[in-house]
Structures are given as C-alpha cells and as structure tokens.
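Protein chains in written order, with our numbering: chain A, 22 to 284; chain B, 22 to 284; chain C, 95 to 466; chain D, 884 to 1184; chain E, 634 to 925.
Treat the hints as calculated values from the structure; they're not laboratory data.
Treat each hint with caution, since some may be false.
DSSO-like mimics (lysine-lysine), calculated; alpha carbons at most 27 Å apart, straight line [claimed, not checked]:
1) D/Lys1168 x D/Lys1086
2) D/Lys1008 x D/Lys981
3) D/Lys1168 x D/Lys1012
4) B/Lys157 x A/Lys84
5) D/Lys1158 x D/Lys1008
6) D/Lys1012 x D/Lys981
7) D/Lys1012 x D/Lys1035
8) A/Lys158 x A/Lys103
9) D/Lys1147 x D/Lys1106
10) D/Lys1147 x D/Lys1131
11) B/Lys103 x B/Lys84
12) D/Lys921 x D/Lys886
13) D/Lys976 x E/Lys686
14) C/Lys273 x D/Lys1012
15) D/Lys1012 x D/Lys987
16) B/Lys144 x B/Lys157
17) A/Lys158 x C/Lys210
18) D/Lys908 x D/Lys1131
19) B/Lys58 x B/Lys34
20) E/Lys686 x D/Lys1057
21) A/Lys157 x C/Lys210
22) D/Lys1035 x E/Lys686
23) B/Lys34 x B/Lys103
24) D/Lys1139 x D/Lys1057
25) B/Lys84 x A/Lys157
26) D/Lys886 x D/Lys1084
27) D/Lys1035 x C/Lys273
28) D/Lys1139 x D/Lys967
29) B/Lys84 x A/Lys158
30) D/Lys1084 x D/Lys1181
31) A/Lys144 x A/Lys157
32) D/Lys976 x D/Lys886
33) C/Lys210 x B/Lys84
Selected chain E positions facing chain B (in silico; Cβ < 7 Å) [stated by the list, open to error]:
34) Thr819
35) Leu823
36) Tyr827
37) Asn828
38) Ala829
39) Pro841
The beta carbon of each residue, even a glycine, is placed where N, CA and C say it ideally should be.
Okay, here's what each chain looks like letter by letter:
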Amino acid sequence: MTGASPAVVSASKLGLTFSTNDGPVQALTDVDLTIGKGEFVSFIGPSGCGKTTLLRVIADLEKPTSGTISVNGMTPEQAREKRAYGYVFQAAALFPWRTIERNVALPLEVIGLSRAEQAERIKRTLDLVNLSGFEKKYPWQLSGGMQQRASIARALAFDADLLLMDEPFGALDEIVRDHLNKQLLELWERTNKTICFVTHSIPEAVYLSTRIVVMSPRPGRVSDVISSTLPKERPLHIRETPEFLAIAARVRDGLHAGHSYED
Amino acid sequence: MTGASPAVVSASKLGLTFSTNDGPVQALTDVDLTIGKGEFVSFIGPSGCGKTTLLRVIADLEKPTSGTISVNGMTPEQAREKRAYGYVFQAAALFPWRTIERNVALPLEVIGLSRAEQAERIKRTLDLVNLSGFEKKYPWQLSGGMQQRASIARALAFDADLLLMDEPFGALDEIVRDHLNKQLLELWERTNKTICFVTHSIPEAVYLSTRIVVMSPRPGRVSDVISSTLPKERPLHIRETPEFLAIAARVRDGLHAGHSYED
Amino acid sequence: MSSVTPRSWQAVAALALLAGALFSGPLVTATPGYGIATVALIFILLLFAIQMDRFPPAIAATCLFIGAHGAVWALLHGLAGNEGTARISFFLLLAAAWVLAWRCVALLSSLRPAGKWARTALRLIIPAIFGAWILILWEAITRGAGIPFILLPPPSAIGARIANSLPILAADVRQTIFKAVIFGYVVGSGAGFLTAILADRVPFFRRGLLPIGNMVSALPIIGVAPIMVMWFGFDWQSKAAVVIIMTFFPMLVNTVAGLAASGHMERDLMRTYASGYWQTLFKLRLPAAAPFIFNALKINSTLALIGAIVAEFFGTPVVGMGFRISTEVGRMNIDMVWAEIAVAALAGSVFYGVVALFERAVTFWHPSVRGG
Amino acid sequence: ADKVTLQLKWVTQAQFAGYYVAKAKGFYDAEGLDVDIKPGGPDIAPEQVIAGGGADVIVDWMGGALAAREKGVPLVNIAQPFKKAGMELVCPKDGPIKTEADFKGHTLGVWFFGNEYPFYAWMNKLGLKTEGGPDGVTVLKQSFDVQPLIQKQADCISVMTYNEYWQLIDAGYKPEELTVFNYSAMGNDLLEDGLYASEDKLKDPAFEDKMVRFVRASMKGWKYAVDNSDEAAGIVMDNGGQDENHQKRMMGEVAKLIDNADGKLDPETYERTAKALLDQKIITKQPSGAYTTAITDKAIK
Amino acid sequence: MDSFRDKLIPVTSILVGIVVVWYVFAVILNTPFQRDLDRRANVTPGVVEFIGKTLAQPKPTLPAPHQVAVNFFENTFLRSVTSSRSLVYNAWVTLSSTLLGFAFGTALGIVIAVGIVHVTTLDRSLMPWIIASQTIPILAVAPMIIVVLAAIGITGLIPKALISTYLSFFPVAVGMVKGLRSPELTHLDLMHTYNASRAQTFWKLRVPASVPFLFTSMKVAVAASLVGAIVGELPTGAVAGIGAKLLAGAYYSQTIDIWSALVAGSVVAALLVMVVGIAGRLVDRAMGGRPA
Ligand SMILES: Nc1ncnc2c1ncn2[C@@H]1O[C@H](COP(=O)(O)OP(=O)(O)OP(=O)(O)O)[C@@H](O)[C@H]1O
Ligand SMILES: Nc1ncnc2c1ncn2[C@@H]1O[C@H](COP(=O)(O)OP(=O)(O)OP(=O)(O)O)[C@@H](O)[C@H]1O
Ligand SMILES: Cc1ncc(C[n+]2csc(CCO)c2C)c(N)n1
Ligand SMILES: [Mg+2]
Ligand SMILES: [Mg+2]
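Using the sequences and the accompanying hints, generate a full structural model.
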C-alpha cells in the first residue's frame, strides 16, 4: 500500500442496500478501502458483485446506507462539486442529438473552456481513441465499440485528477484494447492521475494496476486486495513474465472463490 | 468447409453502404460467405469493421445495397418471417417496463406458447445464465453484466435453429464467460444449431468455432476465413494445446493486418 | 406480389355499387335521361380496375385517377339545375367513384419512387386527393340531396365566396391571426414553458404552482373572453389574452412531462461534471424534452386559432374572423362563414406544418423521426 | 294532441312569456296542441333550426327571416306579436353624445348577429360612415351585456327596453342620466319578434290549421301575460328564467311592445323593414309572399 | 398523505398570494365605476370607505375574492343539489358530458393514432385534414352540429359530449402518434427478429412506450373536453351546466356569478387533471417506473 501519499478515496465499513419491489438487495457490505494519490486500482469480480455500485458511491451518484467514505478528504458530494473526477460509464451514454465531437465537447462546455481549447482537446482525445474522421457522425451511426471509445474520449477530455472507469474497454477487441491500455498507462504515468478501473479481464487488471481489488457477490464485498509487484514501466510483453502470471493466478483464485459454480 | 451440409447462410458479393449527413459509409463490401447447417462461425475484427452490420443483414434488419444473400435458401425476409433465428443484440435491449422474467417471456408470448411452457423455459434459461432469484427485478435494478445475461436468456428461450449473437459475453468476467462458453458449446452439440457469433476475444473465437471469419475495416470486408481443426469435443484445457495456440496466432495476425496502428 | 390478394376489395365494391345503381333507375327525378354517359364511364374504368393488378401501380393509379374524377365530374355536371332531386342511384354511383378513388390513393401510397421530387409530389398528392374527395362528397351530397343552403352550402359556393371576398378575408386574417393569434401563441406558450421551468427549479413552486396551473387549464373561453374584453378592451389585445390562457396549459403539462424524460444515466453523467442546474437543463433536459414541447406547440397552433376566433364572438371591432363568422351567421350568409372557416383551416394547417418542420429539424435524433 | 316545436331566438326570459304562459295555463292543450318550447342562445340561429327540421315554427326578427328566405329557406311570417321594436341606443348624459349630431368621431356599441340592420339603416339616413375616423363613427361589436358602457369602451351602447336598459339602471345609472335613441320612436325600427313557419309546410291544410290554433293559443297567452305580468314572470322563472325581479320588469316592458295582442302584422311596418333591408343589400330583391295574414285572420276573429 | 401535506403549504401560500393580488386588482379595476357612481350621487367618501365600496359592488368589474367565495359557498353548499341554481348540480351536468366526451375523444384519438402509425395511406392523407378540422372554430359549427343531430333525433347528453370529443381527440391523437413512434429502434428490431405481428409489436412495445405521451396528452385532453362541454351547453339552450351559468351571468352582467362558475369550472378541471395525473403515476409505477 502506498500509505505515504495522501488518500484520494477512503472508505470504511461502507455499505449500500437497495430496496426493491421484492425486498432489499445488499449491493455493498463492509467495504474498507483506501486509495492513495497516483494509484491505479482495478476492481474485478463476478457480474453483480457491486463494482459499479462502489464506483457510483465514490462519484456521489449513490448514497451509502452505512459506513463512511471520503474523496480527497471531502465528502463525495463536495468532491463532485469540485469536479474531482471523470467517469466512464459502463454504457456509452452519448447524447443522440450531438455529433461525436459535440459529445466530447459536452464536459468542456460545462466547465467553460474556450472554443479553441475545446477543439484542441477534442482532436487530441478522439485521435487517442482512434476516432478521427468520425467527428461529425451521430452516435447511432457508430458501431458499439466506437460509441464506447467516444465515451472514453469524453472522459479523458474532461481531464480530472481522479478517473473512474467502469469497464471502459469491454466492447473492444484485443488489439484496440492493448493499444488503449498502453495509452492509458502512459497518460497515468505522465499525469500522476489516480485511476479506479473496473474490468473483467484478469490480464488487463494485472497489467494496468498498482493494486487489484477482488470483489465477490451476495452480499457485495471486497474479498481480496492484491498489491502488484510489477514495475511502473510495463511493456506489453511483461504479460508473459512469471511474476505477472503469479499475480494473475492469485486474482483468478480470488475470483473463483466468489463464484457459485466450480466446474 | 462443411460443404456437404445445406447452406444456412449464403452471401455473395454482398455490400452495404450507409448514407450519412457527411457522406456515404461503406460498412460492407464484397462479402462472400457460406455457412452450413450446424456450423459455429465466429466473426472477429476491429471495432467498426461491419460485424454487427453483417449480422443485421442476415437477420433482415438491414437491406444490402449490393450483392445477394440467402438464409435457409430463402430471402432473409422470408427466413425472418419463418422465425428462423434468434438474435442477441450488442446492447441488452431489455424492455424497461417488464421484469426480467417477463422480458425473457417476450418472444415466447409472441410465438404463442402456453403459460406453463413459458414458465418452464424461463426458469431453464435464467438458471443457465445464473439469474435465478432476479426474476421479479426490473432491468434498471440489474448490473450491466446481469442485463446482458438476461438478454442471452431471452434469445436462448426463443430456441431457433440459427443463433445470431453479437458480442453476447462482452460484459462478463472470465469465469462466467468460461461457464457460458461451455454451456453454449453443449447446447450447440446437443441441438445441432447453427451459430453466428461476434466476439472480440481471440481465445473465445478459437475455442468455440468451427470457422472463424476475420474482418477488417474501411471498407468493411472479410479478410480471412480460418477453419478450425479442433475436435468437436472441447474441454476448457484444450486452450493450452499447441493446435489451439496456432489457430489463435493466425487469427491474431489477421486481426493485426486490419489495424492501422502497429506498435 | 399481387398473387396474395386476388383483386382489390375496392373493385368488387365498386362493381356491386354500379350494379345497384343500374337496377335502381334514373339518377334524378327531373331528367331521366341524364347519367347514362356517367354509368358507361365508370363501367369502363371498372374493367380497368379489375384488371389493374396486371399493370404497374403507377399506371393503374393514373387510370383510376382519371376515371374516378372524370366520372364524378360527369355526375356533378349533370346535377346542375336538378339540385335536390337526386335518387338512390346517384349516390350509388357516387360511392362507386369514391371507392375507385380510394383504390387510387391506396396504390399511390404503396409507391416508393426513387426520386426526391417524386416523393415530395406524392406526399402532397395523396392528402390532396383525400381532401378533394371530402369536398366532392360534400358537394354531391349537399346539392344532390338539396340540403338547405343556410345549413350547409356546397364547397363550390364557398369557393366562389372566397374568390369574391379576398380583401375582407385578408383584413380579417390580419386582425385575428397576425395580431391576436401570433402574439397570444408566443406569449402563452412561452409563459407555460417558463412556468414549467420555474416549477422545476423551485420545489416550492412545483408543489404549489402545478395544481394551480391545472386550474387554469379549463378556464372556459366563453367565461374568460368577456372578462378579457372587460379588462383589455375590445380590440385584439383581449383576444390575445384569451389565446394566452388557452395555450398556457398544454405547454405547461408537456414541458413538465418532457423535463422528466431524460435518461438516468445521462443525468448522472451531468452530475459527474458537477453541471449546474441551467447547464443540465440546456444541454440535456431540454433537448430530451423537445418531443414533448413540440407536441404542445402543435396542439397550441390549432388551439390558438380557435381561441382567438371564438373570443371574437364577444366584443370586437367590426373586423376579424370570429366577428365575421358570428355576424354572417346572423345574415344567413353561411357561405361566408365557411369561407372564413376554410381560411382558418388553411392558416391553421400552415401554422401546424411550420411547427412540424421545425420539429423534424430539431428532434431529428428522436426515434419517431429517425425510424418512422 | 298535435305536436308543435317552437324555437325561440334567445334564452328563456319574459321576452317569450306569452308562449310559456300559454303552455303553463293549458291554452295549447285546449287547442289540442302539445307544444315543445326550445330556448335559444347567442349562437342559435332559429332559421337554421327550422331549415334542419328541428322546429315547426320559430320566433325571429324579420331581418334574419327575409335573409334566410332569399337563401332558400322559405320562411313566412304567420304572426307578429311584437308590434314595436324594443331596441334602442343609450348614451350617458355625462358623455360626449347628446344628440344625433354628436355621433361623429365616437364609438358606438352595436349588436350584430342579425341585429345590426336598424343601426346601419339609421346611420345611412344620417349620412355617417361606419368605418371610423373623425367623420364617421367607430362601430364596436357589442357583447350581449352593458359592460362596454360601464368600462367606457363605447360612448353609446345598444340595449333592449325590456332588458339591458334595466341593467344599466341596476348598475347605478338614473333614467335622467341617460340619453335614449329609441328606434321605434325615431321610426327606424325593424320588426322584431314574429312567428315564422315554412311556406312549403303551410301548403298543407292540416299544418296550416295547426298553426292557426298555435297562434290563437299563443296570443291568448300573450294577453294573459300582459294582464298578469307578475304571474307571467313567475312562469318564466319556473321554466329557467334568471332573476325574478328582472323578469317582472321585463314583462312590464314587453307588454308595451305587444300592444293589443292580436298578432297581426302591420303591412306598412313590413314594407319599411323590407326596404331598409334592401337598401343595405341584406337582401337583393323585393321579397314576395314573405308574410301571410291568413293565419291571424283565422285565429283572431 | 405525506405528499398531500407536502403540497398543502405551498398551495395555500401561493393561493394566499393570488388572493392578495386579486384584492389589489379588484380595488383598482372597480375604482373608475365607483368614482362615477359617487360623482353622480354627489358623495366623496374617505379612502377606506371608498375601498370598502369597490369591494362590495353588486356587479363589479372584478369581484372581490370574498364576494366570489360567498357566492360560491351559497351556491355549492346551501342549495339542494338538485336545484338548478346549485353549482354542484350544474357542475355535475357539465362533468357528465365532459367525461363521456373525454372517453369518446380519448378512444377516437387513440384509434386515429393507431391508424396513422399503421396505415401508410392514413398517415399520408388523414393528418392534414385532422389538423384542418381542429382549426374550425367550434363555437361556429357547434350550433350546426346540434341542429343536424337534433334533426336525426339525437339530443340530450350526446351532442354536448360530441363537442367535447371533437376538442379532446386531437391532443390525444397528436401525442399518441408521437408516443407510438417513440420506441427505441433496437426494441423495434428485436420484435422484428421475432417476426412479431403488428398487433404484437403494438401491444407489447408501442403501447408501453407511448404511456408517458398518452397521459400527458390525456391531461390536456380532459381539460379540452371540459371546455368543449361548456361550449356545447350554449347552443343546446343553455339550460343547465357551468356554461349555462356563465352565459346567464354574462347576460345580466352578474360578474360574481360568472366568477363563481369559473371557480367551479377550474376546480372541476383541476380535479380531472389530477385524477388523470394520479392514474398516470399508478400506471408508471405498475410498469416498474424508476423513481426520478
Ligand atoms: N445506421 C448507421 N448509419 C451510418 N453508419 C453506420 C450505421 N450503422 C453502422 N454504421 C457504420 O458502419 C460501420 C460498421 O459498423 P458495425 O456496427 O457493423 O461495426 P462492428 O464491426 O459491429 O463494430 P463493433 O465491434 O465496434 O461493434 C461503422 O463505421 C459505423 O460507423
Ligand atoms: N438501482 C438499483 N436498484 C436495485 N438494485 C440494484 C440497483 N443497481 C444495482 N442493483 C443491484 O446491486 C447489485 C450490484 O450491482 P452492480 O451494478 O454494482 O454490479 P457490477 O459489479 O457492476 O456488475 P457487472 O459487472 O455486471 O456490471 C446487483 O445485484 C444489482 O441487482
Ligand atoms: C341572437 C340574438 N342576439 C341578440 C338579439 C337581440 N336581443 C333581443 S333580446 C336581447 C337581450 C336579452 O334580452 C338581445 C340581445 C336577438 N334578438 N337575437
Ligand atoms: Mg457494472
Ligand atoms: Mg458491433
């Protein structure tokens, strides 16, 4: 744990229970977690274990029903109002009445950037996700993966110190994914951002993270936290080193433990 | 190629161009493809290369602008009218006003099954995708992965001879994915369905398919078709055999060729 | 694939009607000879109609178009001087021609021409034929059955009256539409919209204002118009006030519903930007509300017109569409009444059409516009 | 009993007391008639109702009836209970108008819906333009109330002697504070409430006989109403009239218009009315056969 | 009940605000006439007395709230509900034709919308004429409609209800055309893959998707229907109903009566709109609507 750096996210005994038409659902219980500045933390766990919910609590989109949480030493609400983080949703959530470039411009308009700066950031981030040439298209004219990339571009353009990413690369093929993984790592190193990253891919989690949080469902909780011993500098082929594979194996074990069917 | 069995899908010189506000987009060009009965064909390719579009053409959701295509020896329209296929969309497309079980029941209501048979199929398919216990929930009360599983259950409940699946497992973690891969293979073997399967995961494509269609973008086209030499019986550990890895390598090469950035 | 439907039902119906007409004797009591030509004409075209599926739809439609309208022209022409004496066979023939025209419209709507112009032309021709037949039937029935002029004049008389009264009609339109309607529509819709925003912004108002807004909804024109005349004088201002009251509520209700129509995830997205109320409103909630707002604008475009005209029944200067209608009813110039109504209908349709065009342009992204 | 439907020109009020009285007092029954009285309203044109077959006989003003006759609804005046017109123009004395000479440049409230002819005939006679401006008068289509005067939107307004005039009095005006231009007094009056039936139907002797009985009973009703005005007002109230006091007063004023309750049309007034309508191009040719004295001759011997 | 209490304070305080403004305007608007009266009567009252008089005129330009309230109270609670002077009775007369007309109108509007969405011929040809039909001033044709209907023997409730129908079907038709066309394209595609019949797509997809539009339109329609019922009372002899009260009030310049009839109409309207709103919320809840 990079205990020395100031905590960006700090949760203790966090719990969240949804009440639904057929009884309460415990989406999160007893989550204790501290994320330091500049960390890259991946969340991994079976579908429905509460990853999205946890991210939403950090982002002040959901209020915990028990426990406490602080972001940058403030309540999540204050942090949100200070625009402390950028968020990539699990679904693209693009506005159908805006072209791709205007969609990316959305957060920039909200924070009131100049036209010129908007244009510059739009170009840079659309290039990054390989969508140049599609600036003037509307969301429904894009493939699923392209929409997801547009939403990543939108979050990156926002350029906050904390990035909350909910399965950003889920709909992308291996090669684009490798490419974007590398880009993300570079960005992270260059800017010293803190990143919370939900993924289903074990190699991706191991490759990217300084720490991996393994979660398990019913009720949603943190079942393991694995600190990576990999160096900060990570070429793609690091994924074949024994060290890498060892961490991956540990994650896989944690994951298996959370699943009901073992076959 | 399983040339002997009757062709389920047969396309020749197929092309589709979308006209958009800023010029035409060639989503498919010159696609020649024959899929025999009982085949399991995977489509893989970079984001935006036309996989979804091709599946939509087969399903008569999109009309080709050139070339010909037949499904079960008929036009796609006739085939659709005969309810020849089930379709899993890239996005879950659940009806927000129906509970999960009513969503799965939707196609069954359409084809007019009895209540009892509906209940039986709903239970079976929701079990299959591990959603028992969530029957009475509404889609927005489910996590992203759970929604996708519900939509898979809905297509499986429909039980057509041809299954068109557009990245059905994109939002699922490795373990659920392995589980569902196995279930799908079992189902396929047992029922001799024909399956067209879009995926971004090379191992998944190789593990599941009798043939792998590699596509490349701008304009969208088929760049390689790889027949699998793996036996029909496929335990999970087949994925470590040299034969498997060789096919995977070939797919990866094909995929790389279609990407603009090589790094 | 004409193999599916053996023959159009319209052709069969027309045949039956024709046979009926032949058996029920002369068309009018006065001149027994008239009508043979018409019968023959319809008959020939009927043969076409029955064979029609052999022809390309465009040609068949043209034949039917000429046939049905030629036949009905002959029918109406023969009626001159025989008003009020039409017999059952006349109406059977009329129905036969109508049914053929129906078939024509059905064929035309099944056409999918490639050219942009052809499509536009079709979009205009189809409602035009439909409308023409409303007028034809009206003409034939009023004249054939001899409906008293002061109950319902035939369209030809109304047309003649319009042609003779253009200056009066223009003055009335200026008074009613260009002064009262437009002003009232803009202010009323605007006020409904702003009230909805206010109610949305301030929860206190949301709870207090909406129930009271509902009460405004049914302030009946007849009750309000005299009061408005009392307050704002008898000129157009009082009519505009009535229009404001009438258009206020549909806009309020629709805007409130529209503001609730944006998706949860989209709203969450704006929250993550710590987007202020107004930014979220302008960038997300209003665009998402646009289909509802346009609904209100469309409904209001017709309500405003009715409101202004009816308000003029109560106290006006001696010009205006409502004034003219109420006055000419008293003078038994019912043709003038219908001339004003026709102008109102035309103006209202144009008004509505303009709003609908704006809607298409602004909500191009909505499935109802994208998908049809 | 024979059924007769009577369509009134206005809402139930003492203006129509004779008919309600005849019904309530059994005068119709005595003639073997079953009369259905339909009240009117601001937007009921009795001419349309009779053309549509909704009534056998209507109460109408002559202007409307002659216009309808020319438009193909052959209405015939079969009786004329109101001998004099009740319409007048009133102006407050503290306003600018004291005499006919003062009209120029001022705003006058006029009832339309067929009630505007006497006014236009009068202005015609005075040689005043009605399109506004300093040399003419500005005409305001007046609502059927007296608000335009109270609100000072008009300098003079139309009233009926039996109705709106009293509303002004109720509103605090004293009779001596009002200048009154009475159309009858000026000789500008057009015939008001008369009974009209369709010429075609009258050709049928049975129908004609029915009308004779109807007119006889109605005039008997009028006579009774004139003689017992408070009771008549009460009967009107029973049939949906508003404001008992007002109805009593109205009955008193209406009585002055009825005269001797013989229902006979005065041909001279008829000619004057027809001429005024011709002059204003409300009708285009001299009407013929628009009235018959046969019914009243038979009814009242 | 909680939400009821939530609303009570805002509604009452806004109502109090309105009443205060109302008083101010009553004084202002009634002043000229009162001054005329006083001048003619040659009296010069003090300010307070003068204001008192402006608020106590028998036929004021704008009646004071308490005058309306007293009139409303008397006519609502102190008369037997079968008396033709009772507001309850008149409101009931109007309400019955409103409800009948609203039912017809909603049904007709839905039928038209369904036709337009499903039959190309109708889509192309009908809509312009429906729009045209709505621009016909109802008060001008209502009498003719009533005459024609009476001629074919239809009288009583139905003609009035038909005028309500005429006014209320349009908002429903317009809203439902939009609503029935509002399903997501992927949802339509899904039904397409099942080769669902038009009826199935209609019931299972288009109808649920149109619900927000339907209820919004129905709120507008029920209000329009009430207006139609009131309009329809005039050419039917204005014997009973809120419209008849308004008319009678107007003829005799009984402004207080007019206003209390207006208040009665508004209360009925507010109740009707609220009922539709509540029905909408119940349906939304039953359809798993997510709380905002
Ligand atoms: N409705 C449309 N209008 C215009 N262009 C479209 C439309 N649908 C798809 N396209 C374009 O067609 C191309 C192929 O899209 P398609 O959805 O088939 O890609 P895909 O292979 O499924 O990608 P992904 O893996 O990201 O889902 C893309 O460039 C996309 O922009
Ligand atoms: N709004 C809600 N109302 C009720 N229950 C909810 C709601 N949102 C989520 N849940 C429940 O909370 C649990 C956790 O959901 P969450 O979305 O956090 O899962 P997840 O880990 O992100 O899964 P996935 O990988 O499939 O996206 C699930 O069981 C889900 O059904
Ligand atoms: C349709 C119609 N409108 C007005 C009058 C004239 N008129 C006669 S009595 C009266 C007021 C009530 O007494 C009015 C205005 C009429 N005769 N018919
Ligand atoms: Mg999730
Ligand atoms: Mg796709």
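Consistency of the hints with the structure:
no.	hint	result
1	D/Lys1168 x D/Lys1086	holds, 23 Å
2	D/Lys1008 x D/Lys981	holds, 18 Å
3	D/Lys1168 x D/Lys1012	holds, 24 Å
4	B/Lys157 x A/Lys84	holds, 24 Å
5	D/Lys1158 x D/Lys1008	holds, 13 Å
6	D/Lys1012 x D/Lys981	holds, 19 Å
7	D/Lys1012 x D/Lys1035	holds, 22 Å
8	A/Lys158 x A/Lys103	violated, 32 Å
9	D/Lys1147 x D/Lys1106	holds, 14 Å
10	D/Lys1147 x D/Lys1131	holds, 25 Å
11	B/Lys103 x B/Lys84	holds, 18 Å
12	D/Lys921 x D/Lys886	holds, 13 Å
13	D/Lys976 x E/Lys686	holds, 24 Å
14	C/Lys273 x D/Lys1012	holds, 25 Å
15	D/Lys1012 x D/Lys987	holds, 9 Å
16	B/Lys144 x B/Lys157	holds, 12 Å
17	A/Lys158 x C/Lys210	holds, 23 Å
18	D/Lys908 x D/Lys1131	holds, 18 Å
19	B/Lys58 x B/Lys34	holds, 21 Å
20	E/Lys686 x D/Lys1057	holds, 19 Å
21	A/Lys157 x C/Lys210	holds, 24 Å
22	D/Lys1035 x E/Lys686	holds, 20 Å
23	B/Lys34 x B/Lys103	holds, 25 Å
24	D/Lys1139 x D/Lys1057	holds, 21 Å
25	B/Lys84 x A/Lys157	holds, 24 Å
26	D/Lys886 x D/Lys1084	holds, 14 Å
27	D/Lys1035 x C/Lys273	holds, 23 Å
28	D/Lys1139 x D/Lys967	holds, 8 Å
29	B/Lys84 x A/Lys158	holds, 21 Å
30	D/Lys1084 x D/Lys1181	holds, 17 Å
31	A/Lys144 x A/Lys157	holds, 12 Å
32	D/Lys976 x D/Lys886	violated, 50 Å
33	C/Lys210 x B/Lys84	holds, 20 Å
34	Thr819	holds, 4 Å
35	Leu823	holds, 5 Å
36	Tyr827	holds, 4 Å
37	Asn828	holds, 5 Å
38	Ala829	holds, 5 Å
39	Pro841	holds, 5 Å
Violated hints, in rising order: 8, 32; the structure is consistent with all others.
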